[in-house]
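Chemist: Below are the chains, spelled out letter by letter.
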Amino acid sequence: MIHRSELTSAYLDGELTASEHTELAEHLSGCGKCSAEMEQLQRVRSAVRSLPVLELPAGIVPEADPVVVPLRRQKGLWTGVAAAVVATVIAVAALVTPDPGPVSVDELSSRFGARVSLDPAFGPAKVVIPPSGVVGE
Amino acid sequence: MRRLIVFTVLLTALPASTAWATDLDELLQSGQGASYSAEQVISCSTPDGVRDAVVNIAQSGGELRVTSSLADDVEVATGAGEWSLSRQGGLIVEASVDAGTAMADPLYVVEDVGSVVFLGRDAMAFRLIRGTEPRAELIFDNQTGALVHATTFTADGEIYCERRFISFDTSQPAIEQKDEPLATTSPTLVEDSDLPQVVAGFERLDHYEDEEGVRFAYYSDGFFSFALFETPTAVTVPEPTLAELESGRYSRAFTAGQVIYVWETRHGGMALVGDLPPDLHDAVLAEMPRPEDPGLFRRWWRALFG
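So the sequence lines, in the order shown, correspond to chains Z and V.
Position one of the first sequence corresponds to residue 1 (our numbering), numbered consecutively onward.
Position one of the second sequence corresponds to residue 1 (our numbering), numbered consecutively onward.
Calculated directly from the structure, the hints in this document are not laboratory data.
Being a predicted model, the structure only gives us computed values, none of them experimental.
Don't be surprised by glycine CBs; every beta carbon is placed ideally from N, CA and C.
Each hint can be trusted.
Here are the computed distance ranges between Cβ atoms for each label pair:
no.: 1; chain 1: V; residue 1: Asp210; chain 2: Z; residue 2: Thr88; range: 34 to 40 Å
no.: 2; chain 1: V; residue 1: Ser193; chain 2: Z; residue 2: Val86; range: 34 to 40 Å
no.: 3; chain 1: Z; residue 1: Thr79; chain 2: V; residue 2: Gly49; range: 54 to 60 Å
no.: 4; chain 1: Z; residue 1: Ile90; chain 2: V; residue 2: Ser43; range: 49 to 55 Å
If you only want the chain V side, here are some residues facing chain Z, beta carbon under 7 Å, derived:
no.: 5; residue: Ser96
no.: 6; residue: Val235
no.: 7; residue: Thr236
Please build the complete structure, drawing on both the sequences and the hints.
Modeler: The following block contains the structure:
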């Protein structure tokens, strides 16, 4: 036998269709287990409904504080917008600003050569060959 | 087509240091006024391989020029604080400086090696000793005072660079008239420098800064010398090798007689250009600002604001 306990609660709440009501009634007439379960469930519901309704004393549930979040949300929003604008400006400036470019070591070597030429001695021993290798090598 | 390069060196009228031996001092002074032409071979054994060059030298009336025939459209001229590189008549790079300080007191003890014969001519040989290490051997022609052979050594006695005259002629000094000095913007001398005054025996003689914010200091130990550059942006060097020294990682390049180190710091680019032998590189670089990755933000900042 297939017990229909899933229908008993709906039966007590009056939520069964006519066909389900007929089906459950036929089952209860022949099933002691489900009949006992139905009877117990009815007693519990009656007991709960007979309990008195009490008023809660004041102060048990604290009142909620006024919410001040909107102002903070506004401030954070503007800060984020400002940061995004600044970041965008920097990024765009970095992209459009011409790169000053690296310094060529030939330029630096020429300054070394110019300074060396002021040393008073050892001229032939101080010949500076440019790094680009266009002289001599 | 025969390639022609003119490389001019003007010897200044500054007196040689009195710290040198009398004979050497006299040869240095007489060599500045000598008249001769010669062909010089330069060969340097560097940690990155051999670097060679051949140049022609001519001197007359205190003016010294060095020419090469390996590039027909390139001309290099230097002297009296000027240096320029031209190609096909167009100026590529130039520099002009004024010495702020006289030559450093030499760290070297001069040893008179004695009389030798070089290219069939009487000559005098000297050895320069730094501490206990021979660092250079110099041979001067007796008649002209010309420095006809110079050999520099590393600390362990290995030859670093050799500059040798392979021909020498005192009868026909081929001197062409030098063009007027180029109009260059000279960097200004910096009075206060945050760079060390003495580095591994090298004395900082002067410190310059130009309008582009490039600063450089010139160091000398009385024979070897180098310039240390601080630049707002990175420095590029052709065909560098990665040099991992105790003081950090650098980009390095050698030419015949010259070494270049390039690196970056948080403040910009740095470069060392000089003729010091390899065993002194680490000791010098260890006392300079260390290599440091500037990071993306600093790169952007420098790109935007210099």
